[in-house]
Amino acid sequence: MQQRFSWPAALIALAIAAFLITFLILPVLTVVKAAFTTPQGGVTLTHFVGFFQLSLMRESFANSLYVAGMTVLLSTLIAVPLAYFTVRFHFRGGILIQTLGVLPLIMPAFVGASAMQLLFGRSGSVNLILNEWFGFTVPIMQGLNGVIFVETLHYFPFILLNVSVALANIDVAMEESAQNLGSRGWRLFRKVVFPLALPGYIAGASLVFIKVFDDLGTPLVLNVTNMLAPQAYLRVTSIGLEDPVGYVICVILVIFSIAAMSGSMWFLKGRDFSTIQRGGQSLQKRKLTRLQEVFAWSWIGLMLLIVLSPHLGVLLLSFAKVWSFSVLPDAWTLDHYGVVLRDSTRMIINTFIYCGAAALIDVVLGTAIAYIVLRTTVPGRRWLDHMATVALAMPGVVLGIGYLRAFRDVTLPWSDTPLLASGLIFILAYAIRRLPYALRSCTAALQQVHISMEEAAQTLGASRRRTIMRIVVPLMAGGIMAGFLTSFITAAVEISETILLTTRESLAPMSYGIYLYMQSIAGRGPGAALGVIAVVMVALGTYLSHRIIASRDISQRIKAA
Amino acid sequence: MSHPVRVEVRGISLSFGTTRVLRDIDVTVEPGEFFALLGPSGCGKSTLLRLIAGFNQAQSGQLLIDGEDVSAVPPWKRNVGMVFQSYALWPHMTVAQNVAFGLEERKLPRPEIDSRMRQALELVGLEGLAARRPGQLSGGQQQRVALARTLAIEPRVLLLDEPLSNLDAKLRVHMRRELLAMQRKLGITTIFVTHDQEEAMTTADRIAVMHEGVIQQVGSPVELYDQPVNRFVAEFVGTINLLPAQVSGNSAHCALGEVKLSMASLASGVTGQALLSLRPHSITIEGTPREGAADGRLWHPGQVLEREFLGKFIRYRVRAGEAELICDSAHHGGDAGHAVGSSIWVGMDPGDMGLLQN
Chain F
1 MQQRFSWPAA LIALAIAAFL ITFLILPVLT VVKAAFTTPQ GGVTLTHFVG
51 FFQLSLMRES FANSLYVAGM TVLLSTLIAV PLAYFTVRFH FRGGILIQTL
101 GVLPLIMPAF VGASAMQLLF GRSGSVNLIL NEWFGFTVPI MQGLNGVIFV
151 ETLHYFPFIL LNVSVALANI DVAMEESAQN LGSRGWRLFR KVVFPLALPG
201 YIAGASLVFI KVFDDLGTPL VLNVTNMLAP QAYLRVTSIG LEDPVGYVIC
251 VILVIFSIAA MSGSMWFLKG RDFSTIQRGG QSLQKRKLTR LQEVFAWSWI
301 GLMLLIVLSP HLGVLLLSFA KVWSFSVLPD AWTLDHYGVV LRDSTRMIIN
351 TFIYCGAAAL IDVVLGTAIA YIVLRTTVPG RRWLDHMATV ALAMPGVVLG
401 IGYLRAFRDV TLPWSDTPLL ASGLIFILAY AIRRLPYALR SCTAALQQVH
451 ISMEEAAQTL GASRRRTIMR IVVPLMAGGI MAGFLTSFIT AAVEISETIL
501 LTTRESLAPM SYGIYLYMQS IAGRGPGAAL GVIAVVMVAL GTYLSHRIIA
551 SRDISQRIKA A
Chain P
1 MSHPVRVEVR GISLSFGTTR VLRDIDVTVE PGEFFALLGP SGCGKSTLLR
51 LIAGFNQAQS GQLLIDGEDV SAVPPWKRNV GMVFQSYALW PHMTVAQNVA
101 FGLEERKLPR PEIDSRMRQA LELVGLEGLA ARRPGQLSGG QQQRVALART
151 LAIEPRVLLL DEPLSNLDAK LRVHMRRELL AMQRKLGITT IFVTHDQEEA
201 MTTADRIAVM HEGVIQQVGS PVELYDQPVN RFVAEFVGTI NLLPAQVSGN
251 SAHCALGEVK LSMASLASGV TGQALLSLRP HSITIEGTPR EGAADGRLWH
301 PGQVLEREFL GKFIRYRVRA GEAELICDSA HHGGDAGHAV GSSIWVGMDP
351 GDMGLLQN
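Line order of the protein sequences matches chains F and P.
Under our numbering, the residue at position 502 of the first sequence is numbered 502, and the numbers go up by one with no gaps.
Under our numbering, the residue at position 31 of the second sequence is numbered 31, and the numbers go up by one with no gaps.
Bear in mind the hints are in silico, worked out from the structure with no lab data behind them.
Glycine is no exception: its CB is placed at the ideal position from the N, C-alpha and C atoms.
Each computed SDA-like pair below joins lysine to any residue, with the alpha-carbon atoms no more than 25 Å apart: (1) K107/P to M453/F; (2) K107/P to S463/F; (3) K107/P to V473/F.
To give a feel for the contact side, a few chain P residues facing chain F, derived at Cβ under 7 Å: (4) A53; (5) P75; (6) W76; (7) M82; (8) H92; (9) G102; (10) E105; (11) R106.
Non-contacting residues of chain P with respect to chain F, defined by C-beta distances greater than 10 Å in every case (computed): (12) R176; (13) T202; (14) R290; (15) G347.
Kindly generate the complete structure, drawing on both the sequences and the hints.
Below, the structure written as structure tokens:
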């Protein structure tokens, strides 16, 4: 396919590049620059030396690595057996395992964290029961343990989903030929099956590591501050924007994010192990014996109970009048919802405005970038894609701090209102951060539109612009919608940037509201109520986008048949 | 419909990167002609078609439609209709919306759009399916919709990119006839890309045979079959026997002996190392010796190596002296033909033989 050079496409590409540079690259560079320059403007490494001389910082660094590493380990222990189990055995409760894989994702970790304290904390339900019956307690929510526990329950689905897909893509012939050569049992799994699924595992595990390493909301809600992201936040907000230590932390976060992402990409390169051949079959499923079935049901039931505990906890909390030092709330009420609807409607409206606008920007940019990359000859067009994708590796804390520093003197056009004191900054921050999701969705949608669909329109007299409007966008509609929903719901529960960018309560979105309520004992009820509203929103959005994607698959299949 | 137009391709060359896809193409399609671009995959025929539609741009040369150079005109302003191999029907529109699309882009008044859309659907016999979606149609129906959609805009030139390749064998023969009848009725200049020589031979007025980005020969089906200009065309268009020969004066020496050259062969100007060409059905096989027969034919003893029964005829692979020949012998009911291994005589008329430069 050979296309004429198109000036309009080139100009749009340039405008998008300018937008990405201003609101993504520039803030990050500002942070990096601040970490490496003296107040006089010279280049220096003294801030890094200073960072490592502070024992709190050394401790935070070690804690962040420990928490991220332990979360990956625990998630692996939960996810890999579950994934193997689903591909290996006939199990009538398969839907339960799928539910296990989605439920945690619709409950933002920081929302569930408070409820987890009440269920698993020192004087939470579980420990009260244990103490009463057996005379001991489990410090599962104490300090770093709490963060690890909450993050594990939230993030293990990333490993579960990736490993399940990888295992499902292994051709049964791979295993059978190993058996034919005399391998079986544990050795067969270790030497053939797991190595083939390893790329999926690495992709999932590196994602979990970064997400946990960069997370700000969960440690803050659990009141754990001796970790990197909380320290960066506290430094910048309490000591001030001139304190270099916050920027050093940001640089460390960025380095680890980029290293983990490029490391996993490097590992995955040339290891597309989806070995299923045309006409091949997935791994043979085995039957469970009666005893094994009982064991499987109880194991998965227990997992489901633990995974559902944040959801249950938040729900209970939102209806609880009094809940302390008791297994279940002592009295029930609907007041929290009343409080939320009375005091926080502004925040709910803000969330809809910010996330709606951000998601709209994302799908417009996503569609434009996908089209420019796949359908035009604009020089350097791939860089638009690369640049937008960089946002995936940028921790919210870093972007938030970058915005605070880069735009501190910027006012809105034709007014004196500072950009940072307007709702626009949330829209921009969310749009940049969630652009990669919308972009992937739009790119996938455009790849499914055969080029001849567009050429046919052109031979019939439609210009390029008319073709985009009448053919390309309508055919991409499903993917665009799914991208919009994904951007919207993930932005609605974003917390790192939100905490940093909130200057006034009247401008805050509901995620900030949940965080704020959860800070005080009295606010936990309304916080949970607001959390339930957010979770319902996210669940609805997730369900809709799955429906859209599924129905599109079906229509494709009908066409193929 | 407006008058039929001429399409002239003048000295067109096109490269993708360092790959030269079209090399100095010169061809003229006459007004109202049904013209085929024939060649194996990768020969550049589709590239040339897409270039006429405006989707590829030549590095050098000119493309004239109705005498006007359209090289710089974008696809949507060429008024050249194209039917795509995959049909490219838009799944989000009904059949009626698909067909009306080009008319809407021309901003015609709604009543005219509706009447022309209906006419186009009538033309392909699908007036009852206007409200369906493309996904609900059979392959043959989809193809008719694609054709109706293209014809509705009354294009100056109709381009067909392997239009029959997605249909099953029986439907293909049927659609071929229908397509030709429609083209004759509308008198529209039509260029048709195919890799199927039978398809090209049965439908086209003239054919351009392409190979490696070069047009090898342009001519009517009969010309291509009877007077191929080179080895590629000779072998691509039907089955042929090629015997290496040395030309001297008005005769050629080959493995079967001395052959007196026909007038046409002499006129071809081929000299020195050459190939004698002979279609399988021009060779006669007899069980009894015919040496010295005064029928003007060249007779040579041989042996049957293989035989295939093809219904209308039996195809023999025969060794005659140093040469191996393929001979088609008409089959008559009850005639068992010659067995593998049996000795036979093959007879050839020098007048049937062509001469190609080796």
